[in-house]
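Residue-level listing of the chains:
There are 2 protein chains.
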Amino acid sequence: MITGKNYIGNRLSGEGDKTHHTVNPKLNIENPTEFVEATPEELEEAVSLSEKAFQTYKKISGGKRAVFLNTIADEIDALGNELIQMYCAESGLPEGRAAGERGRTVFQLRAFAKMVRKDDWRQNVIDVGQPDRNPSPKPDLRKTSIPLGPVVVFAASNFPLAFSTAGGDTASALAAGCPVIIKSHAMHSGTGELVASAIIKAVKKTGMPNGVFSNITGRGRTVGQALVKHPKIKAVGFTGSIAGGRALFDLAAQRNEPIPVFTEMGSINPVVITSNALDSRAEEIATQYAGSITLGTGQFCTKPGLILTVESEWTQVFIKDLAKKTISIEAQCMLHPNIKDGYVENGNLVSQQKGVTVMGKIDTLLGENYAASQVNAVSGSDFISNPKMHSEVFGPFSLVVICKDEKELISAINHLEGQLTGTIMAEESDKETLGEVVDALQSRVGRIIFNGVPTGVEVSGAMTHGGPYPASSDSRFTSVGLEAIKRWVRPFTYQGWPKEMLPDYLQD
Amino acid sequence: MITGKNYIGNRLSGEGDKTHHTVNPKLNIENPTEFVEATPEELEEAVSLSEKAFQTYKKISGGKRAVFLNTIADEIDALGNELIQMYCAESGLPEGRAAGERGRTVFQLRAFAKMVRKDDWRQNVIDVGQPDRNPSPKPDLRKTSIPLGPVVVFAASNFPLAFSTAGGDTASALAAGCPVIIKSHAMHSGTGELVASAIIKAVKKTGMPNGVFSNITGRGRTVGQALVKHPKIKAVGFTGSIAGGRALFDLAAQRNEPIPVFTEMGSINPVVITSNALDSRAEEIATQYAGSITLGTGQFCTKPGLILTVESEWTQVFIKDLAKKTISIEAQCMLHPNIKDGYVENGNLVSQQKGVTVMGKIDTLLGENYAASQVNAVSGSDFISNPKMHSEVFGPFSLVVICKDEKELISAINHLEGQLTGTIMAEESDKETLGEVVDALQSRVGRIIFNGVPTGVEVSGAMTHGGPYPASSDSRFTSVGLEAIKRWVRPFTYQGWPKEMLPDYLQD
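Those sequence lines, one after another, are chains A and B. The working numbering puts the first residue of the first sequence at 749, with every later residue one more than the last. The working numbering puts the first residue of the second sequence at 749, with every later residue one more than the last.
Keep in mind that the hints were calculated from the coordinates and are not lab data. Errors might be hidden in some of the hints.
Any copy, or any two copies together, can satisfy a pair, since identical chains are not distinguished.
Said to hold, decoys possible - Listed next, the in silico DSSO-like pairs over lysine-lysine satisfying Cα-Cα at most 30 Å (straight line):
#: 1; residue 1: Lys774; residue 2: Lys1109
#: 2; residue 1: Lys1155; residue 2: Lys977
#: 3; residue 1: Lys866; residue 2: Lys1179
#: 4; residue 1: Lys886; residue 2: Lys862
#: 5; residue 1: Lys1234; residue 2: Lys866
#: 6; residue 1: Lys1152; residue 2: Lys800
#: 7; residue 1: Lys1179; residue 2: Lys807
#: 8; residue 1: Lys807; residue 2: Lys1234
#: 9; residue 1: Lys812; residue 2: Lys866
#: 10; residue 1: Lys980; residue 2: Lys1234
#: 11; residue 1: Lys862; residue 2: Lys949
#: 12; residue 1: Lys1234; residue 2: Lys806
#: 13; residue 1: Lys1234; residue 2: Lys977
#: 14; residue 1: Lys952; residue 2: Lys1247
#: 15; residue 1: Lys1234; residue 2: Lys862
#: 16; residue 1: Lys1179; residue 2: Lys886
#: 17; residue 1: Lys866; residue 2: Lys952
#: 18; residue 1: Lys1152; residue 2: Lys886
#: 19; residue 1: Lys1155; residue 2: Lys806
#: 20; residue 1: Lys1109; residue 2: Lys862
#: 21; residue 1: Lys866; residue 2: Lys949
#: 22; residue 1: Lys1179; residue 2: Lys949
#: 23; residue 1: Lys800; residue 2: Lys1179
#: 24; residue 1: Lys800; residue 2: Lys1136
#: 25; residue 1: Lys886; residue 2: Lys1234
#: 26; residue 1: Lys1247; residue 2: Lys1234
This is chain A alone, in the form it adopts within the complex (with noise of 0.2 Å):
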């Protein structure tokens, strides 16, 4: 049952006056649901309950953690077809991308759970002391990882449940020993409400403390920035624009005490062809590009909204294949009008920049919030001069580069500004000859692949999903896979210390 209210701790709480309702974009209309906007005296409210909270889940044993996160995943699946059907309704997504979505949530919090049941993840390290040692003895040190303290998580726009209310930054916070407030993201209030309310059951079943997870609701930003510069918030997780998460970053770095914000932002996630490539296998490079653009109608952080190649007797009847078959795939609706307006507004900007061909375009689309799914062409000379090409476009909308030598195309990747991830499709023969663009490449990203597409961020703990500004804001930490949990905690070293006040892992 969906009642608009905010979860302020365990208790549902909706005395503000302002509201909002989120769309199906898909038929175009409101959904039913009026969401409150929280109070600034119910904000206070959540923040005081999450510190207090923090006193005793921080000393919560890592077994008990792992009960907490479980449940919550329990919780999330015997929400069954409700939480699909919401998800779909304010979305637009399909049913199965849904229940796939739902699969990856439950196991980024499973995967959290076992990890924290050991202690290993603290990277623990004893330096015995030498008492006798000359010409001062030396102390016996003990190092460990401890949670930093309430956490603000922003749900994102383009993953209702992954990236949301129980998505990886959550799971990872409280696995770290934080509780977490939650800005709902105003899109997808009720699919967020929902998952809060798993979260809250969790919490009660498990006896965690009132206030290790809250779930705010608001549209605008200034329930977000009230969070954010709260002195008792002690860490940031975002995942959406780089406008929106540039103005967190910096209301964060104005703060008395400036804390860590996590931003993951905007990518294009240059792809670069070779000739080689082109010539044994164009088609079956265009028909995995065309999937890639248009998967999950182009709102990935990871699709390839950028494609490099060096001018072959291949360039021309690929880039036409490639946009033949992209939009021959059927257009698919987006997130919210929003989104929709910005995919238009943004890839109108692009195409009509000098020098760029539209190669093809959806021209019928089924409703209003579909997306018109578009590959363009450009040289490597105009590309590189013109910064506003350099930008994301979010949606399903790719720009190939069309450079006249190796030099041009190294420059080009010079000329970008960070990104999540860089693909290079390749064969067995260029091996010898990638070095340059490798480093080129690996200077501007934080995950490189060969011979497949960027789209797909696998959970491990092998991930990175992060790199140089603006795809993220630290490009020192993952967001995706377990070493997520390392933005939440710090170092803290204990010297000296008697072994029975020891925690039970720092022992010998």
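Based on these hints, arrange chain B on the given structure of chain A.
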């Protein structure tokens, strides 16, 4: 031979017209060499060389980087007595301290050399692919750490060797694969130039790229701020005042591409002494702490500037004894007239606050720049209500807070900002009742010490030298010990990458 010039890469250069001299604080006169501030053109050249050097240096093997670091250590040792004399002439510190700090500096370089001979420090994670996984193949993922790029290090005033030109920041950044540009400290430019000359010799002897190291001279903030704002600089290390560190942090956060800044700033290092500890060994503790307060003329970032007790029959006796013992240790010279002036000003500020009693202060000094050691006392309630007493007084100064009960003592801790260290002096019989005090301290500090003194920071893999703001700007990293290398790298993942193109350390 000191020239007063900058090292722009391997080249000595002094094109500017702004100059300064260092000061011999013991004699209170200027030292003879005229140091020339780098011009904007010289800065630009240093940064360009650094960025070019990075392209080569990042690919140089760990084994060769180790030889480079060890050669720097050798060349610093080879400076012999010239370095020791220069150090003493510019810092007022005794020869024994100079030799000890040189030993620590050389030890750090060799420790990082040893560490990077193997590639384990990169925290490599290999997650082998499963091409036949259902429903989708699992990609082969291999994660490692790669260097961020050129780093600017600000030399510290209080450790002219171990936290300066070839100190821990420089050693860890060079070990990680990052070129370093030093902003030399204007109080010890001569010591800095000598050490820089040793590094440049090592660059040449081991065939490292020109630009992997530069040494920039200048007084005031112009030079340092220009470096932090430069787009080719990718990270910053700083040890110094809160005002100075925060200014750099703000500049870096305001860049188009924000960069990580590791500033190690102020700390008063609270020490809790239980009534039982005073009951059983007040005199021993007084002796121990008189030594720690005055060590290095109180110019250590871990100096115990705050001592917290619950009032008991022994409190007054202890404080009087601590004051007596502290001022009976011969007064020493401070690092610089400016540091002395700051000590007098900040010490007077605290002494003059309501409720503060000066329990002991040296009244006769050997020279102009000598510091009058001072111990003060105040009640818990006066301390808690007056933040002017919560800031660092850099020098041999400590404030004892007499709390009426444990509740007030914990409240005093909770009113503190972030700290590098916290210490508990306690008896066996106290252990079971210390829980709340430990909790409170843990939330405020990076390192907690039992029955010891906070001064003396071991170079160890288990050390945390850092803490919640403003102890450091990023509590998630240590600036001392081998883990300090993590500040200068970011994770990087190879997906589906051909074996023959993977680095050695990511092979099966």
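Here is how each hint holds up against the structure:
1. For the identical chains of this complex, lysine 774 and lysine 1109 are intra-copy neighbours only, at 20 Å inside a copy versus 78 Å across copies, given an alpha-carbon limit of 30 Å.
2. Proximity of lysine 1155 and lysine 977 under a CA criterion of 30 Å is satisfied inter-copy only: 29 Å between copies versus 46 Å inside one chain copy.
3. In the homo-oligomer, the alpha carbons of lysine 866 and lysine 1179 lie at most 30 Å apart only across protomers (26 Å), although the nearest pairing inside one protomer, at 42 Å, exceeds that limit.
4. Taking the shortest Cα distances, lysine 886 and lysine 862 sit within 30 Å of each other only across copies (20 Å), while inside one copy they are farther apart (36 Å).
5. Taking the closest pair of Cα atoms, lysine 1234 and lysine 866 come within 30 Å of each other both inside a single copy (15 Å) and across two copies (23 Å).
6. Only between protomers do lysine 1152 and lysine 800 lie at most 30 Å apart by alpha-carbon distance; the minimum there is 25 Å, versus 62 Å within a single protomer.
7. Taking the shortest Cα distances, lysine 1179 and lysine 807 sit within 30 Å of each other only across copies (18 Å), while inside one copy they are farther apart (52 Å).
8. Proximity of lysine 807 and lysine 1234 under a CA criterion of 30 Å is satisfied in both settings, with 18 Å inside one chain copy and 27 Å between copies.
9. When the C-alpha separation of lysine 812 and lysine 866 is checked against a cutoff of 30 Å, the pair qualifies only within one copy, where the shortest distance is 11 Å, while the shortest distance between copies is 37 Å.
10. Taking the shortest alpha-carbon separations for lysine 980 and lysine 1234, both the intra-copy value of 20 Å and the inter-copy value of 27 Å come in at or below 30 Å.
11. Proximity of lysine 862 to lysine 949 under the C-alpha cut-off of 30 Å is restricted to the intra-copy arrangement: shortest distance 20 Å within a copy versus 51 Å between copies.
12. For a Cα distance limit of 30 Å, the shortest separation of lysine 1234 from lysine 806 qualifies both inside one copy, at 15 Å, and across copies, at 25 Å.
13. In this assembly of identical chains, lysine 1234 and lysine 977 lie within 30 Å of each other by CA distance both inside one copy and across copies; the values are 22 Å within and 28 Å between.
14. Proximity of lysine 952 to lysine 1247 under the C-alpha cut-off of 30 Å is found in neither arrangement, the shortest distances being 34 Å within a copy and 50 Å between copies.
15. Taking the closest pair of Cα atoms, lysine 1234 and lysine 862 come within 30 Å of each other both inside a single copy (16 Å) and across two copies (26 Å).
16. Taking the closest pair of Cα atoms, lysine 1179 and lysine 886 come within 30 Å of each other only across two copies (23 Å); inside a single copy the shortest separation is 51 Å, beyond that limit.
17. Only within a single protomer do lysine 866 and lysine 952 lie at most 30 Å apart by alpha-carbon distance; the minimum there is 24 Å, versus 48 Å between protomers.
18. For a Cα distance limit of 30 Å, the shortest separation of lysine 1152 from lysine 886 qualifies neither inside one copy, at 63 Å, nor across copies, at 36 Å.
19. Taking identical chains as interchangeable, the C-alpha atoms of lysine 1155 and lysine 806 lie at most 30 Å apart only when they sit on different chains, with a minimum of 21 Å there against 53 Å within one chain.
20. For the identical chains of this complex, lysine 1109 and lysine 862 are neighbours neither inside a copy (46 Å) nor across copies (58 Å), given an alpha-carbon limit of 30 Å.
21. Taking the closest pair of Cα atoms, lysine 866 and lysine 949 come within 30 Å of each other only inside a single copy of the chain (25 Å); across copies the shortest separation is 48 Å, beyond that limit.
22. In this assembly of identical chains, the alpha carbons of lysine 1179 and lysine 949 never lie at most 30 Å apart, being 54 Å within a copy and 38 Å across copies at closest.
23. Taking the closest pair of Cα atoms, lysine 800 and lysine 1179 come within 30 Å of each other only across two copies (25 Å); inside a single copy the shortest separation is 56 Å, beyond that limit.
24. Proximity of lysine 800 and lysine 1136 under a CA criterion of 30 Å is satisfied inter-copy only: 27 Å between copies versus 47 Å inside one chain copy.
25. Taking CA atoms no more than 30 Å apart as the test, lysine 886 paired with lysine 1234 passes in both settings, with 29 Å inside one copy and 24 Å between copies.
26. With identical chains, the CA atoms of lysine 1247 and lysine 1234 are at most 30 Å apart both within one copy (26 Å) and between copies (29 Å).
The structure is inconsistent with the numbered hints 14, 18, 20, 22, although it conforms to all the rest.
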